[in-house]
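**Student:** One letter stands for each residue in the lines below.
Number of protein chains: 2
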Amino acid sequence: MSAAARYGDPAATLGVVNDVLSLQLAHRSVRKFGSREVTDDELTALIAAAQSAPTSSNLQPWSVVAVRDPERKARLAALAGNQAFIEQAPLFLVWVADLGRARRLAERAGAEVAAADYLETTIIGFVDTALAAQNAVVAAESLGLGSVFVGAIRNRPEQVAAELGLPPHAVATFGLAVGAPDPTEHAGIKPRLPQGAVLHREQYDAAAADAHIATYDETLSAYNTRFGPPGSWSNRVLDRLKGPESMAGRHRLRETLERLGLPSR
Amino acid sequence: MSAAARYGDPAATLGVVNDVLSLQLAHRSVRKFGSREVTDDELTALIAAAQSAPTSSNLQPWSVVAVRDPERKARLAALAGNQAFIEQAPLFLVWVADLGRARRLAERAGAEVAAADYLETTIIGFVDTALAAQNAVVAAESLGLGSVFVGAIRNRPEQVAAELGLPPHAVATFGLAVGAPDPTEHAGIKPRLPQGAVLHREQYDAAAADAHIATYDETLSAYNTRFGPPGSWSNRVLDRLKGPESMAGRHRLRETLERLGLPSR
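Protein chains in written order, with my numbering: chain A, 53 to 317; chain B, 53 to 317.
Honestly, the hints are just simulated from the structure, not real lab data. Nothing here was measured: the structure is a model prediction, and the numbers come from that model. C-beta atoms are modelled at their ideal positions from N, C-alpha and C, and glycine is treated no differently. One or more hints might be untrue.
[To be verified] Some chain B residues judged to face chain A by a derived CB distance under 10 Å, without partners named:
1) Leu66
2) Asp71
3) Gln103
4) Arg160
5) Ala163
6) Thr173
7) Ala185
8) Asn187
9) Val189
10) Ser194
11) Gln247
12) Gln255
13) Asp257
14) Arg278
15) Gly280
Work out the full structure, taking the sequences as your base and the hints as a guide.
**Tutor:** In structure tokens form, the structure reads like this:
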């Protein structure tokens, strides 16, 4: 049943199921929040779940800033594409790829950490932050909360760093608005590509995978008629990736990271 | 109780708890697997969970190759630092940051997707792959399976791409060895940094956060005496980030991505 919604295909089922899988399959982005607070105990639990995610060589190259102050949320919303739900959410978590902690360690020890100059290490920062944040997303849903990621926090990373007082070698990777879902929100579970489009066995088979796209375009067009700006998946992807003008400033990310102290040598 | 293990601190507790949080907090890397297979139904469930994770603008810029063939696993193990558990695991998932699907769409439509030339888009590929893969990690644990990520799949990305028949604009992000944990494995739940070292409120406070590191160094040294190569966290981090020689070839990632068709403009 939950697989049917996930794939927008009444025939889709799973041969194994449990409460955790059902929770994961029922994920949707929440952009309209009820008035109840996210408690400090809940915040602690979300971060403990995040810290439980795997991390490369136990580097733990991330930090998170929990923002509740309405004025700071408003300023961050303005920096991140004026998305009103950021202000409306009781809790806005800004996930930070943070090589600063290791750089400060090195400075105190008088040691070299030249590996941190390479794109590989910056990518470990982003990846490990994502692994952690996804655990927080699932933890939030297990507590009856909802959330939505905010990639637009990368539209103006230097201003976000100043607002949050980030030290050098740290960058806001994405935001996560968290709160109790408002049941009046008009939203659904967005169907994903058929599993055959993303799962390959032994070797990648582009023709077999891409053959699923036409069906998915129909599925998502139907969904978008009800819930989204209209359009097929293919059209939305092409529109989103058209060029630098479709990137809200993020085409400058490499130079910005360099200035923030996360070089991509 | 699970918070105590997670933080290596008998006094650590959570004010809220449920089965999902307990599962997440009990995470550990599994590197020794029992003989039972991972069924196809389980594989389907892991991938459905992965596809349920959030993805930027619904781009779904990832694919996954499920490897069960013993000879292919052996060749991948050789490419990824000769880690024997890759061969031993019944299932090895290679997670692929995949801009190829969108590039092929564009080619068929005669459209431009110049945004895919920028580091921002490559990073979206890595981040969204990580969000998906972490859902698979949690799903696996909910089914009684264990796993470990293999970043060393990035040691030799071109050879891995050839082995898996990856198309242009696709790169193996990390591997995930999956199987039933062998109960005889000598391993524990690795303590993480105290929450105060990573969680900031309203603004980042480096001095307050870093003040927790000395205690953590002691906690992890004690853990490492039992389970790992010895050393404090600080020493391990400095050793890991020393320089290009500590990166097993991954200092070349930027040029390699360029050649694979994931430029970082």
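**Student:** State for each hint whether it applies.
**Tutor:** Hints and how they fare:
1. A hinted interface residue such as Leu66/B counts as satisfied when its beta carbon comes closer than 10 Å to some beta carbon of chain A; here the least separation is about 5 Å, so the hint holds.
2. Given the 10 Å rule on beta carbons, the hint for Asp71/B holds: about 7 Å separates it from the nearest Cβ of chain A.
3. At its closest, the beta carbon of Gln103/B sits 4 Å from a beta carbon of chain A; the interface hint therefore holds under the 10 Å criterion.
4. For Arg160/B, the suggested interface contact is upheld, since its CB lies about 9 Å from the closest CB of chain A, less than 10 Å.
5. Look at Ala163/B: its Cβ gets to within about 5 Å of chain A, closer than 10 Å, so that hint holds up.
6. With 10 Å as the threshold, the beta carbon of Thr173/B comes within range of chain A, its nearest partner Cβ sitting at about 7 Å, so the hint holds.
7. Look at Ala185/B: its Cβ gets to within about 7 Å of chain A, closer than 10 Å, so that hint holds up.
8. At about 6 Å, the closest approach between the beta carbon of Asn187/B and any beta carbon in chain A falls short of 10 Å, and the interface hint on this residue holds.
9. Taking 10 Å as the C-beta contact cut-off toward chain A, the hint placing Val189/B at the interface holds, the least distance being around 7 Å.
10. With 10 Å as the threshold, the beta carbon of Ser194/B comes within range of chain A, its nearest partner Cβ sitting at about 4 Å, so the hint holds.
11. Checking Gln247/B against chain A by beta carbon gives a least distance of about 6 Å; that is within 10 Å, so the hint holds.
12. About 4 Å separates the beta-carbon of Gln255/B from the nearest beta-carbon of chain A, less than 10 Å, and the hint is met.
13. Checking Asp257/B against chain A by beta carbon gives a least distance of about 8 Å; that is within 10 Å, so the hint holds.
14. About 15 Å separates the beta-carbon of Arg278/B from the nearest beta-carbon of chain A, more than 10 Å, and the hint is not met.
15. Evaluation of the Gly280/B hint against chain A yields a held restraint, the C-beta minimum of about 9 Å falling below 10 Å.
Hint 14 from the list above is the single one not met by this structure.
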